[in-house]
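Colleague: These protein sequence lines are chains A and B, in that order. The working numbering applies: residue 1 is where the first sequence begins, and numbers increase by one. The working numbering applies: residue 1 is where the second sequence begins, and numbers increase by one.
Derived from the structure by calculation, the hints contain no laboratory data. Certain hints may be false.
What the hints assert, rightly or not - When the alpha-carbon atoms are kept at most 27 Å apart in a straight line, the in silico DSSO-like pairs for lysine-lysine are as follows:
#, chain 1, residue 1, chain 2, residue 2
1, A, K205, A, K177
2, A, K177, A, K149
3, A, K177, B, K169
4, B, K169, A, K211
5, A, K177, A, K74
6, B, K209, B, K19
7, A, K205, A, K175
8, A, K175, B, K207
9, B, K19, B, K169
10, A, K177, B, K209
11, A, K175, B, K169
12, B, K207, B, K232
13, A, K119, A, K149
14, B, K8, B, K209
15, B, K232, B, K8
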Amino acid sequence: MQPKLEKKKNTSNNWLKILIPVLAIGGLSVFAVLGAFVAFIITAWWGQPIPVMGFEQTFEQPIHFPHTVHASVKELDHVSTDGTPMTGLGMDCTFCHRTVTTQPNAGVPSVGLCTTCHKVIGSKDSTELTKLRESGGLLDAASSPINWKRVHRLPDHVRFVHESHITYLMQNPNKIKNSSSGVTEGAAGVCSTCHGDVASMEQVKQVEALKMGQCVDCHRDNGAPTDCVVCHH
Amino acid sequence: MTTNKTGKQNWGMVVDVDKCTGCQACVLACQSENNVPINTQERFERGRAISWIRVERYWEGNYPDVKARFIPIMCQHCENAPCEPVCPVYATYHNSEGLNVQVYNRCVGTRYCANGCPFTVRFFNYWEPVWPESFRNHLNPDVTVRSRGIMEKCSFCVQRIRRGVRTAKKENRDLIDGEIQTACSQACPTSALVFGDLNDNNSAVSKMKHDERTYKLLPHLNLDQNVVYLAKVDPEKKIESHSVESGSHD
């Protein structure tokens with residue numbers, strides 16, 4: 001009877017020796033996963049979420065459109081095809097985002113507006129411009145619009161009106177934040193308050209968190225209405 | 001005729017029941033303006049159809065002398081609203097412009113407000129709203145599409161009020177009476193529904209409000225609604241009531 005009991009004791013000890021470290025590592029990893037999840041939720045709640053699993057604030061657009069070349073007034077990093085250094089064109093934001101001063105939405109330009117210049121301007125070998133020219137725009141009935149990825153997205157229950165914000169900031173230039181390194185005059189000079197210095201971004205990314213607290217803070221500071229129904233309807 | 005400065009309004013509506021023909025144009029206009037989901041037969045049968053404004057029909061008199069009567073009913077925007085104090089999350093409240101406001105993103109769907117409403121003009125979204133593919137671009141971009149599990153009701157077309165206020169501000173002027181119209185009042189072919197500022201003594205609604213035919217629904221509840229009704233004129237009864245009135249004055 002006695003040896004039998006001892007044997008049983010030994011086996012149960014061996015089993016525990018494996019189980020304890022497995023449980024410890026498992027527990028720690030569960031704790032780590034939970035911690036990361038909580039950190040993600042907290043950062044997403046207060047600002048922008050940690051850029052993992054598709055929560056990045058920059059997207060690779062279907063056409064690599066450089067805002068630097070079009071909107072900046074500074075000398076650019078890359079050189080043109082004939083080797084000369086390039087300077088940004090310093091185009092006004094409203095040249096492409098045409099409805100921004102008159103309507104709630106800023107508007108993304110049609111392919112037709114792009115091809116107004118890019119039918120002629122730009123290298124024939126450029127892969128990005130080839131994509132643009134092949135999509136045809138208004139000149140080709142069979143074409144489809146470019147499926148730009150949206151960077152700044154407000155929730156569906158918020159109604160934001162660009163027009164009135166731009167009008168106010170143009171009248172009160174001391175309220176402009178993150179002032180742009182590109183065009184600073186006119187309507188385009190005020191966009192940076194919410195969108196950051198887009199003229200210096202190769203690919204646009206969201207700079208401000210654009211949470212409701214930010215909206216309400218600014219509305220309070222400027223005496224704008226803070227009634228819920230002004231934005232939520 | 002200009003109204004008071006922005007933010008000082010008390011929005012209200014006068015419904016002339018005498019002019020209403022029961023054509024339901026207001027119902028349709030409201031549905032398309034405010035992205036109200038399409039009601040199927042099943043939803044009506046289960047009492048879950050959503051219609052921010054409805055035309056109630058009832059019969060007066062006995063056969064063969066029967067008359068059809070119509071009365072449009074929408075959210076009455078009560079000053080003493082029974083729906084407001086019961087909300088546990090302040091999703092519905094009264095704003096400074098006399099509107100009974102429903103904040104969709106605050107609503108948690110307890111449905112207390114709908115139970116409290118004596119006019120049954122609050123509607124719960126029992127299902128995710130679905131539109132046919134061809135309707136995709138017909139939705140109003142100024143109005144939130146309400147998802148499943150939240151309450152909705154007539155907002156007095158607050159998106160149109162905001163747009164009107166914005167335009168007036170841009171043009172640096174006061175609001176003009178009649179400039180802002182709700183979808184139902186705009187669609188009404190007989191102008192039975194008139195929308196405007198009750199605080200402005202010169203507005204169309206203020207003048208109509210002082211008509212002798214004025215009445216409010218369920219007056220014994222003391223709700224102090226912003227929607228006022230004008231009674232149906234009955235030519236046969238008019239002489240009778242006139243004689244009674246003149247008799248009392250004598």
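Colleague: Compare the structure with each hint and give your call.
Modeller: Outcome of the hint check:
| no. | hint | verdict |
| --- | --- | --- |
| 1 | A:K205 x A:K177 | holds (17 Å) |
| 2 | A:K177 x A:K149 | holds (25 Å) |
| 3 | A:K177 x B:K169 | holds (24 Å) |
| 4 | B:K169 x A:K211 | holds (26 Å) |
| 5 | A:K177 x A:K74 | holds (20 Å) |
| 6 | B:K209 x B:K19 | holds (15 Å) |
| 7 | A:K205 x A:K175 | holds (22 Å) |
| 8 | A:K175 x B:K207 | violated (44 Å) |
| 9 | B:K19 x B:K169 | violated (34 Å) |
| 10 | A:K177 x B:K209 | violated (49 Å) |
| 11 | A:K175 x B:K169 | holds (19 Å) |
| 12 | B:K207 x B:K232 | holds (18 Å) |
| 13 | A:K119 x A:K149 | holds (24 Å) |
| 14 | B:K8 x B:K209 | holds (19 Å) |
| 15 | B:K232 x B:K8 | violated (32 Å) |
Hints 8, 9, 10 and 15 from the list above are not met by this structure, while the remaining hints are.
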